[in-house]
Amino acid sequence: RNGVNIAGATNASYTILDVQPADGGNYSVIVTDGGGAITSNTCSLIVVTPSLDCADNLAEATTYIVPQGKYSCSNVGATREAGEPDHAPGKRAQKTIWFAWQALGNGVASFSTEGSGFDTILAVYTGTKEDILQLTQVANDEDSGPYLTSRLSFNAVAGKVYYVAIDGFEGVEGNLQVSWKWAGTTEMMPVILRQP
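Residue numbers (this note's numbering): 354 to 549.
Don't read these hints as lab results, they were simulated from the structure.
Hints are supplied without guarantee of correctness; some may be wrong.
Cβ-Cβ distance ranges computed for the label pairs, FRET-style [what the hints assert, rightly or not]:
no.: 1; residue 1: ILE359; residue 2: MET541; range: 42 to 50 Å
no.: 2; residue 1: GLN487; residue 2: SER397; range: 35 to 43 Å
no.: 3; residue 1: GLN487; residue 2: MET541; range: 22 to 30 Å
no.: 4; residue 1: GLY361; residue 2: SER497; range: 15 to 23 Å
no.: 5; residue 1: ASP484; residue 2: SER366; range: 51 to 59 Å
Here a beta-carbon is modelled for each residue, glycine too, at the ideal position from N, C-alpha and C.
Modelling step: build the complete structure from the supplied sequences, incorporating the hints.
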């Protein structure tokens, strides 16, 4: 799945019971014997979820004010915006899509691209959508989710708008799954304020 071996998937067939959006991705089969190995063509499994209104440019990002969601979108045809920051260290942004999420209260927000069909980079920012140069990164991730997907969590502040960027590693584009959940709590995640 997405070029990563599925643990225990060595039988003549592979079955997923109770398919969920997180099961999406690009699947292929590798068959081996004493003479060598051959890889099948890739087949995309897209689990239908409501569409997320994603924008190619930050200024056009739609704001969502819901505690949780599971959506599909695509970064096909997306571009790098002038002044756009790199969403992970050393990873130049190339095919970014944006949306905004507003926290319903203080708590912990978690975002994931699990179920996407390719290697993703995920980042969250504060600032204003009118000035991409003034964004402050809150969190970023590349590959903490299974099968080269991204997953991150951060302390959310009531009423604050967070700008979510999803990019394809090295300019890859295709179908994406994005989900988030917010847990209202007074218990906050630890934050490193300075390096030891």
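Starting from the hint list further up, note which numbers the structure goes against and sort them upward.
-> 1
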